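Residue numbers (my numbering), protein chains in the order written: chain P, 1 to 104; chain Z, 1 to 191.
Because the hints were derived from the structure by calculation, they are not lab data. Just so we're clear, the structure is a prediction, and the values are computed from it rather than from any experiment. Cβ coordinates follow ideal geometry from the N, Cα and C atoms, glycine included. Any given hint could be a false lead.
[Stated by the list, open to error] Cβ-to-Cβ under 8 Å is the rule here; a few derived chain P residues that face chain Z:
no. : residue
1   : A12
2   : F14
3   : S44
4   : R72
5   : Q76
The primary structure of each chain is shown beneath.
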Amino acid sequence: MNNNDNKVLTEAVFYTLLALYSPLHGYGIMLETEKMSHGRLKLSAGTLYGAISTMLEKAWIKALPSEEDSRRKEYQITDLGKRVVVAELARLEELVENGKKIIE
Amino acid sequence: MKKTVRKIFFIWEYEKEEQWLNEKSKEGWQLAKASFRKYQFESGIPNEYTYRLELLDKNPKSKESTSYLNFLQETGIEMVGECKQWVYLRCKTAEGSFEPSNRALYELTHLLKIQEFISKIKNRLVAVIAISICGLLIMDNLAPSNYADFIRGVCTGLGLSASFFTLAFTPFSKHINEKVKAAINELYTCE
Numbered sequence: 001m002n003n004n005d006n007k008v009l010t011e012a013v014f015y016t017l018l019a020l021y022s023p024l025h026g027y028g029i030m031l032e033t034e035k036m037s038h039g040r041l042k043l044s045a046g047t048l049y050g051a052i053s054t055m056l057e058k059a060w061i062k063a064l065p066s067e068e069d070s071r072r073k074e075y076q077i078t079d080l081g082k083r084v085v086v087a088e089l090a091r092l093e094e095l096v097e098n099g100k101k102i103i104e
Numbered sequence: 001m002k003k004t005v006r007k008i009f010f011i012w013e014y015e016k017e018e019q020w021l022n023e024k025s026k027e028g029w030q031l032a033k034a035s036f037r038k039y040q041f042e043s044g045i046p047n048e049y050t051y052r053l054e055l056l057d058k059n060p061k062s063k064e065s066t067s068y069l070n071f072l073q074e075t076g077i078e079m080v081g082e083c084k085q086w087v088y089l090r091c092k093t094a095e096g097s098f099e100p101s102n103r104a105l106y107e108l109t110h111l112l113k114i115q116e117f118i119s120k121i122k123n124r125l126v127a128v129i130a131i132s133i134c135g136l137l138i139m140d141n142l143a144p145s146n147y148a149d150f151i152r153g154v155c156t157g158l159g160l161s162a163s164f165f166t167l168a169f170t171p172f173s174k175h176i177n178e179k180v181k182a183a184i185n186e187l188y189t190c191e
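Excised from the complex, chain P in its bound form:
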């Protein structure tokens, strides 16, 4: 994951990756993200569509083979995606830690 090391994920991407630890379709991701953030983060369909296409390209998530209804694609996080989440979490922890250290 060399070239992902210094990447900062957007909030939308971070939450989408978390939501995709279990398979979900597009609208499911939007609902799950809103639920996780207690209604704070509302993804727009346009943003999410762009994020999903980019993450598919980077192989952070994969599209699951769809059944009879091919319109509704389901997605799931890949191992690479999980590593990206772990790295991002470490970065976020550093932010929180330093913030607390100075403020408290």
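Could you slot chain Z onto chain P? The hints should help.
The following block gives chain Z in isolation, referenced to the frame of chain P:
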């Protein structure tokens, strides 16, 4: 109740057009179908829907666009009309899913598509101007005849209208460029 309104908006008036549709919605007229300069409204609840004009990368019938539009539909955004690559989208105002969390990025994506669209049109216009000038030059060197006069007239007409549209696009592309800069500035501080 239904009503049909015929009205022309140029491409550079897309924001005005969007505003107009949203004002109509507030008055209780919901756009049900749209095509080039023809708008069909149905009376409904005031402000029930919010409208948005979006430029797609490809024709709305193409595979890529269909997959995008299906995705939007799943989230409650429906397409009520199309005009070339432009689509008329609407969603229930109460659900408000047009309002993106990452506004600057969303804006930027759309603005870049519009810029691409403008430069494509401008290239074509410039080609028309160049051909008209060549036509005029050739006709000038031919012996005068009705035929040559006719071609000269056509070339002048084409050249002038192409020049008019090229000029008309200039303030629009300037406006879009300024919006791109504003969106980038926002990206510096906020995601």
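Next on the checklist: I'd like to know which numbered hints this structure contradicts. Please list them from smallest to largest.
Outcome noted: Violated: hints 2 and 5.
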